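Novice: Given the structure of chain A, go ahead and fit chain B onto it with the hints provided.
These protein sequence lines are chains A and B, in that order. Here the first sequence stands for residues 1 to 277, numbered as in the working numbering. Here the second sequence stands for residues 1 to 172, numbered as in the working numbering.
Hints in this document: simulated from the structure, not taken from any laboratory. A portion of the hints provided could be inaccurate.
Unchecked claim - Reference listing, derived: stretches of chain B covered by chain A, where coverage requires no fewer than 3 residues with Cβ under 8 Å from a Cβ of chain A:
| # | region |
| --- | --- |
| 1 | 65-71 |
| 2 | 98-109 |
| 3 | 127-138 |
Unchecked claim - In silico DSS-like pairs for lysine-lysine, Cα to Cα no more than 27 Å straight-line:
| # | chain 1 | residue 1 | chain 2 | residue 2 |
| --- | --- | --- | --- | --- |
| 4 | A | K68 | B | K155 |
| 5 | A | K277 | A | K199 |
| 6 | B | K132 | A | K258 |
| 7 | A | K199 | B | K132 |
| 8 | B | K155 | B | K170 |
| 9 | A | K222 | B | K132 |
Said to hold, decoys possible - Chain A stretches covered by chain B per the calculated footprint, using a threshold of three residues with CB under 8 Å from any CB of chain B:
| # | region |
| --- | --- |
| 10 | 26-33 |
| 11 | 38-52 |
| 12 | 136-147 |
| 13 | 166-178 |
| 14 | 183-194 |
Treat the numbers as computed from the prediction; the structure is a model and nothing was measured. Ideal Cβ placement from N, Cα and C applies to all residues, glycine included.
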Amino acid sequence: MIRPIRKFDIFMRFIYTKTFIRLFTVFVLVSLVAILDMTGSLGFLKDGFFRVFSAATQSVGQVTTGVKNTFSTLASIRKLVHENAEGLQKIQALTFENARLRSSQNENISLRRALTLKQQSQLSLMAVEVLTLDPTGFSQTVTLDKGQDSGVAVGMPVVVAPGILVAKITKVYPTSSEATLVTDPDVAVNAEVVDSGAKGLIRGEHGLTLALDLLTQNDLIKTGDQVITSGLSGDFPRGLLIGSIAAVRSQNTDLFQKAYVSSAADLRNLRFVYVVK
Amino acid sequence: MRVLIWTLAVFLLLALQSGVLLPLSIAPVNLILILLVLALLLDSPQTAATIAVVGGLMLDFLSGTGDGLITLSLLLTFSTMYFLFEAFLNRELNNWIVAVSIVGATWIFAFLMLLSNWIFNWFGQGSAVDWKSFAWEHLILSLVFNLLLTYPVWKYLSLVESLLQKLTRKNA
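Just chain A, with the same shape it has in the complex (with noise of 0.2 Å):
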């Protein structure tokens, strides 16, 4: 008597056919570099690849940016004459403010001495080269030239001079090291807006955008303002600047008001950054 071909038939025969056995080595394969990420095998091969990468990337990149540059240069060269009119105008009027906070700057240290109140601490940064981008847009990151051998350790926030952030040391290896962008919806930043002392909650928006949440409707802010951290978690030191307020939503509805901020670094042209420790 022939048996009836049952799906469980079907299944085993399917199994030691070429390419379930190709898939499964594919899968395997695949499941063994998470495993391996996870416990840190991988920091060496790494390593090497960001070098090689980054070696061959700059090298692209630099003809590139050059190319850029000398476009917008052409293009912006009516306006340049203004603009430097402008600038000069501005570097004036910040010498004189520059000159007005140096002296507040000590008077404030005078009198927390007096207070005998802890003295604010000067930032501690370590040079730091950028070698890659992430080129899938889904996270945010930048992969840093030096790593656990250096002193980077995970969390240590990471800013262009002077004292902008950018990102968040999120991994790190022997030699390298990475960091996720405030762009990133993984990193939430305690800030400030300047002016008004509003506090809230800076998210990234998948590199498109940062949103500044949870500020009360009562807070005052406008466009323009500038953005700082509050320092309120601890995980960043208070007064880096994140940016200035772009746009701001808010509906009498709503509980929170929202704003959006504009990053103060270009964030798709980090070269050299600094780690702060």
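Specialist: Structure of chain B alone, referenced to chain A:
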């Protein structure tokens, strides 16, 4: 030999993406996905599978996601597209077929990436996703840039293939 040439080609394509497209703010775009779909359409499933594995691993290393996430997404996209081509589409050089394949693959890859990310999140290796901006900004920009860059990648695929043929002839 083929695998080595395709590994180099994928590496070079990624270097071009990072060195040329990123500084020009042409992002998010996925040249590896385009190459994979075109290889599946115009070349062989073996070439497409090689691109999926090699490109996926390289993208995994370069992105901040858990390693294996993009490789898994690309492999699943490859399997889905292979099934779709076998079942519904003709493998021919037709602009409409190419465009529809790229749009479809971008959607499928985005969905499978989210699915893989969800699986990786069980092990604490996934990333946070802002659904609204992912759907309305990231995905739409990906679709536009992927479609615009299909033609240059098509030419690149032809170039690598002709190089491979020359090398094979020399060896023979």
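Novice: Indicate, hint by hint, whether the structure satisfies it.
Specialist: Hints and how they fare:
1. 65-71: It holds, with 7 qualifying residues against the three required.
2. 98-109: violated (count 0)
3. 127-138: Since three or more residues must qualify, the claim that chain A covers the region 127-138 of chain B holds, with 9 doing so at under 8 Å.
4. A:K68 / B:K155: Holds: K68 of chain A and K155 of chain B sit about 24 Å apart, inside 27 Å.
5. A:K277 / A:K199: 25 Å, holds
6. B:K132 / A:K258: 15 Å, holds
7. A:K199 / B:K132: OK: K199 of chain A and K132 of chain B at ~24 Å, within 27 Å.
8. B:K155 / B:K170: 23 Å, holds
9. A:K222 / B:K132: 24 Å, holds
10. 26-33: holds (count 6)
11. 38-52: n = 5 at 8 Å, threshold three: holds.
12. 136-147: holds (count 7)
13. 166-178: holds (count 3)
14. 183-194: Holds: 3 residues of the region 183-194 of chain A have a Cβ under 8 Å from chain B.
Hint check: a violation occurs at hint 2 only; the rest are consistent with the structure.
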